[in-house]
Structure formats: structure tokens, C-alpha cells
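K.L.:
Per this note's numbering, residue 1 is the first one in the sequence shown, and the count goes up by one each step.
Simulated from the structure, these hints should not be mistaken for laboratory data. Certain hints may be false.
As the list claims (entries may be wrong) - Ranges between beta-carbon positions, derived for each pair:
id	residue 1	residue 2	range
1	Arg-112	Thr-34	28 to 34 Å
2	Trp-59	Gly-155	40 to 46 Å
3	Ala-172	Arg-55	23 to 29 Å
4	Gly-155	Gly-130	36 to 42 Å
5	Thr-143	Ala-172	20 to 26 Å
6	Leu-4	Ala-162	19 to 25 Å
7	Val-51	Val-91	38 to 44 Å
8	Lys-60	Pro-154	38 to 44 Å
A virtual CB, placed ideally from N, CA and C, is assigned to each residue, including glycine.
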Amino acid sequence: MGALLVSVGLQFYAQATLLTGGVAGAALLLHYATGHGFDALFVLINLPFYVLAVRRMGWKPAIRTFIAVALVSWLMRMEPDWMGFAHLSPVFAAVAGGGAMGVGLLILFRHRTGLGGVNLVALYIQERIGWRAGYVQLGIDATIMAAALLFLPPGKVALSLAGTAIMNLVLAINHRPGRYLAISL
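Turn these sequences into a full structure, and let the hints guide you.
P.N.:
This is the structure we're talking about:
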């Protein structure tokens with residue numbers, strides 16, 4: 001369900017020509033720039049990060065992450081055959097897509113599963129160099145968004161930023177230590 005919600009959110013973004021951060025954002029940007037399929041780009045960009053995933057998280061979470069990436073990629077390829085958009089407001093796509101991706105990531109994170117290498121790189125740099133992971137990830141995402149200005153109108157980039165903020169707010173509000181612990185009364 002997590003992969004499905006992320007892929008639906010990404011499908012909204014792809015149909016509205018919007019962008020998100022991380023590896024998915026890089027894959028969307030390369031898709032817009034080259035015309036190559038998002039599905040293949042998403043898998044290819046993630047390949048180098050699996051070694052880091054095994055080292056940081058262990059085999060089981062790394063395998064779950066690999067499966068989630070493959071599933072999102074496959075769903076992104078199949079969904080245009082399953083659903084279509086006669087009209088999709090870019091504002092709605094930013095809000096609904098960002099929310100869907102946030103909830104999907106929340107489900108995946110809850111089960112120690114991720115969707116890409118940017119988080120792993122940020123944590124690795126924090127451990128090795130001491131730079132805070134949040135700032136590293138913000139820098140990478142800002143670079144992706146800045147590069148988007150070469151291929152997308154500024155209004156689309158602004159909507160992309162708003163949608164990405166919504167996605168991150170869903171995660172920030174709902175993904176906290178202790179949030180999923182049962183309490184006996």
C-alpha cells in the first residue's frame with residue numbers, strides 16, 4: 001500500500017509536470033529532460049545505493065527497499081493503463097500528490113523500508129563528515145529543484161516545492177519515535 005500511494009502521488013506529479021526531491025525527483029527531472037521512462041531511471045539511479053543500504057540498515061531492510069523501489073517503478077509503468085486524467089489541476093496534483101506520497105512513505109518508513117539513496121547518503125555524510133543529515137538532504141533536494149528551472153516553468157517549480165513541503169509535513173507530524181507503540185491500560 002505504501003508503494004501504491006507513493007506511485008499514485010508520483011503519477012499526479014508526472015501528469016502535471018511537477019517534481020519532488022530525492023531519487024524520485026532526480027528520476028522525474030531526467031524523465032522530463034530526456035524523455036526516457038521514469039520507471040527505468042528510478043531503478044538505475046538507485047542501483048549504487050543498495051550497497052550503502054546493506055551497510056546502514058542490514059540485508060532485510062535493504063531487500064525491502066529494493067522491492068519497494070521495483071514496485072513503485074512497475075506501478076509507475078502500469079498506472080497510465082489503469083487510470084487517466086482528462087483534467088488535472090497542477091495545484092490539486094501538488095497537494096494530493098504530496099499528501100499521497102507522504103502517507104505512502106510513512107507506511108514504508110514504519111516498516112523500515114525506503115525508496116532511495118538520498119536519505120542514505122545524507123546519513124552517511126553525517127556519520128563521516130559530521131554535517132547534519134537534514135541539511136545534506138535539503139541541499140540535494142534544493143539542487144534538484146534548482147536544476148528543474150532549466151526544464152520547467154518557475155510556477156511548476158513553486159508548486160513542486162509546495163507539494164514537497166506537504167509530503168514532508170505529513171512525515172514530520174506523523175513519523176515520530178514511540179508513535180507506533182501500543183499502550184496497555
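K.L.:
Which numbered hints are broken by the structure, listed smallest first?
P.N.:
Of the numbered hints, all hold.
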